[in-house]
Amino acid sequence: MVHYKLIYFNLRGRGELARLVLHHQEVAFEDFRFEREEWPKYKAGTPFGQVPVLEVDGKPLAQSNAIARYLARQHGLAGQNEWEQSQADMYVDCIYDLISGTRPIIYETDKEKQKEILQKFLKETVNPHLEKLEQQLIKNGTGFLVGKSITWADLAYYSFFSPMTERFGDSVIDNSPHLKKLVEHVANIPQIKKYVETRPKTTL
Amino acid sequence: MPGYKLYYFNVRGRGELSRLILHYAGVPFDDFRFEGKDWPAFKSKMPFGQVPVLEVDGEKMLAQSHTIARYLARQHGLAGQNDWEQSQADMYVDCIYDLHGAMRTPTWETDPVKQKELFDKVNQDTIQPHLEKVEQHLVKNGGGHLVGQGLTWADIAYYAYFTTPIMTRLGGEVFSKAPQLKKLIETVGNNPNIKKYVETRPVTSG
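Line order of the protein sequences matches chains W and S. What the first sequence shows, in this note's numbering, is residues 1 to 204, in sequence order. What the second sequence shows, in this note's numbering, is residues 1001 to 1206, in sequence order.
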């Protein structure tokens, strides 16, 4: 049995997708979390001075998507063939871009300015993406993003849009009924629900 | 052999990595390029209104520059020898994606003095610390490549993004403390297939 240690801040952030993949597949792992003030202690020991890092029997792997993809592939959540695997990669890359787009919003301290940046982000980036996404979901016809069953891509969309709606309201995905249904479906998966109910409560 | 059509602007940008992978592997493809003014005609056909997009056998479309590059690398033996090596290659390419992202804001700055300041800051705060770590990993890995003992798309990615935009903006001095990486990038550049393509590709601003 391989030993996984996932090293990240005590936040959801860029570590949560890997955690969700492992919880969904009910794979045991060490969920090593530290507070921001402790970061200097761990930074030098990471491959690129960043986290998350996954240690696989002590061997380090960095970069949130490389980690989550590795775990998805090892544990049957990556897609049924190479084409599906690439489709899943594609969707997760879209989410990565959306996550990067939220950074100016999260770090803006002026509430009015924050609201403005958020609205701009929703209008210019999120909504056009969601329009295309709805078409893709309809075209795939299974309720999932890729193929006939859940992949890490579905978990990635849940991981991004669930906190977005919590923080900024349901209106974020009101015009995307298929995505809304997918996010609800993932939220109600027993092992996901159980993890979410018991995980540390964090701002991000 | 599948039929590949790569849709992208007539620039290197985010399409070049896939082009380099295909040229390195000696795989023919339709390198479909268009100018900025023609973009509106293609935008609505693309899965997410963005390019690059890889169309396979005239029917299936794949978006996102690194997903396309990874798919092509895997199809043509350039992804790594096993699952672990594949993840290591993924990791390095993600690092490059982040470096490229950090270069974007300075690139858009119109005041040349401010722009140089911003590029210098990115170099100091982001690129140099990253290169320090990469040098250590290259030395530890031995053999001159980022992953395993042979060339992977990770090596091609460092070649692609360091030649454009990093070296075009910061010059060769960016490698003053990274001789191993400099050597690797030169090795990739000297590959006959890469060299021939680079000598004959359209000359573009970015």
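Keep in mind that the hints were calculated from the coordinates and are not lab data. You may find that some hints are simply not true.
[To be verified] Simulated crosslink set (DSS-like; lysine-lysine; CA at most 27 Å straight-line):
#1 W:K180 / S:K1060
#2 W:K132 / W:K115
#3 S:K1116 / W:K148
#4 S:K1182 / S:K1116
#5 W:K148 / W:K180
#6 W:K123 / S:K1177
#7 W:K41 / S:K1116
#8 W:K201 / W:K115
#9 W:K5 / W:K180
#10 W:K132 / S:K1045
#11 W:K113 / S:K1121
#12 S:K1133 / S:K1177
The hints, checked one at a time:
1. Proximity of W:K180 to S:K1060 is assessed by CA-CA distance (about 26 Å); at most 27 Å being required, the pair is judged to hold.
2. For the given pair, W:K132 sits about 25 Å from W:K115 by alpha-carbon distance, which is consistent with the 27 Å threshold.
3. Between the alpha carbons of S:K1116 and W:K148 the distance comes to roughly 50 Å, so the proposed pair goes past 27 Å and is violated.
4. Of the supplied pair hints, the one linking S:K1182 and S:K1116 holds, its CA atoms being roughly 23 Å apart against a limit of 27 Å.
5. A distance of roughly 18 Å separates the Cα atoms of W:K148 and W:K180; the hinted pair therefore holds under the 27 Å criterion.
6. The straight-line distance between the Cα atoms of W:K123 and S:K1177 is roughly 43 Å, outside the 27 Å bound, and the hint therefore fails.
7. Note on W:K41 and S:K1116: the hinted pairing is violated, with a Cα-Cα distance of about 33 Å set against a maximum of 27 Å.
8. Taking the CA atoms of W:K201 and W:K115, the gap is near 24 Å; set against the 27 Å cutoff, the hint holds.
9. Proximity of W:K5 to W:K180 is assessed by CA-CA distance (about 32 Å); at most 27 Å being required, the pair is judged violated.
10. Between W:K132 and S:K1045 the alpha-carbon distance is near 11 Å, which keeps this suggested pair within the 27 Å criterion.
11. The suggested pairing of W:K113 with S:K1121 holds, with an alpha-carbon distance near 26 Å, which does not exceed 27 Å.
12. About 11 Å separates the Cα atoms of S:K1133 and S:K1177, which keeps this hinted pair within 27 Å; it holds.
Consistency note: the structure conflicts with the earlier hints numbered 3, 6, 7 and 9.
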